Amino acid sequence: MDTSLADLIEDWHDFDVLVGTAAATLVGLMFVAASIGASVLHREGSRGVEGLHISPTVVHFTTVLVIAVVALVPTHEWDTLASLLALVGVAGAVYSVNVWIELFIHRRFNVDIVDRLFLRSNPLVGHLLLLLAALFLWRQSEAGLDLLAAGQITLLLAAIRNAWDMMIWIMIRASTGEPGSRDDT
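The sequence shown begins at 1 in my numbering and counts up by one.
These aren't lab readings, by the way, just hints derived from the structure by calculation. Treat the numbers as computed from the prediction; the structure is a model and nothing was measured. Treat the hints loosely; a few may be bogus.
Here are the simulated distance ranges between beta carbons [said to hold, decoys possible]:
no. : residue 1 : residue 2 : range
1   : I172      : E10       : 44 to 52 Å
2   : P74       : N98       : 29 to 37 Å
3   : F31       : D79       : 31 to 39 Å
Ideal placement from N, C-alpha and C gives every residue a C-beta, glycine not left out.
Starting from the given sequences, assemble the full structure and let the hints guide the process.
Put into structure tokens, the structure is as follows:
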């Protein structure tokens with residue numbers, strides 16, 4: 001191959017800065033959202049929002065941030081970048097499957113099927129795209145960087161959608177006085 005990985009990564013620099021900045025900002029906003037949720041819901045009601053929305057969403061935003069930071073390192077070789085992405089992809093896929101099992105198998109959370117699919121399937125697809133990107137990068141294919149971007153965008157959009165869903169969940173419970181809201185004391 002005539003093009004070095006460093007040259008290819010340099011072409012993606014602005015993308016990774018933009019996506020990493022967005023992810024870092026949104027992680028910070030999740031702390032604000034968690035504070036709002038804590039002021040509206042009792043501890044019993046916050047267990048659902050914490051396990052279903054907050055933790056997975058922060059994990060997905062953080063994953064995008066970590067990938068952006070890793071991809072910005074200019075001294076990577078094909079194998080090191082691929083290995084780091086595979087590590088992040090496997091860890092994220094295992095986490096997503098674990099939460100998926102809680103949602104579908106154990107039915108720990110009471111949400112409709114559309115939310116179940118968006119909450120868990122999209123992030124799993126994002127992590128699988130990271131694994132596929134790692135495979136292509138091990139083979140020294142430029143397509144690995146395109147797949148990496150697709151994985152980052154998938155995870156970022158899934159986390160944004162899940163954060164939105166979390167805020168709607170909190171607002172509905174707070175306004176209707178459902179169990180867990182401060183109004184039912």
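Quick rundown of the hints versus the structure:
Evaluation of the 44 to 52 Å hint for I172 and E10 yields a pass: the beta carbon distance comes to about 46 Å. About 34 Å separates the C-beta atoms of P74 and N98, a value consistent with the hinted range of 29 to 37 Å. Between F31 and D79 the C-beta distance comes to about 36 Å, which sits within the given range of 31 to 39 Å.
Comparing the model with each earlier hint shows no violations; every hint is respected.
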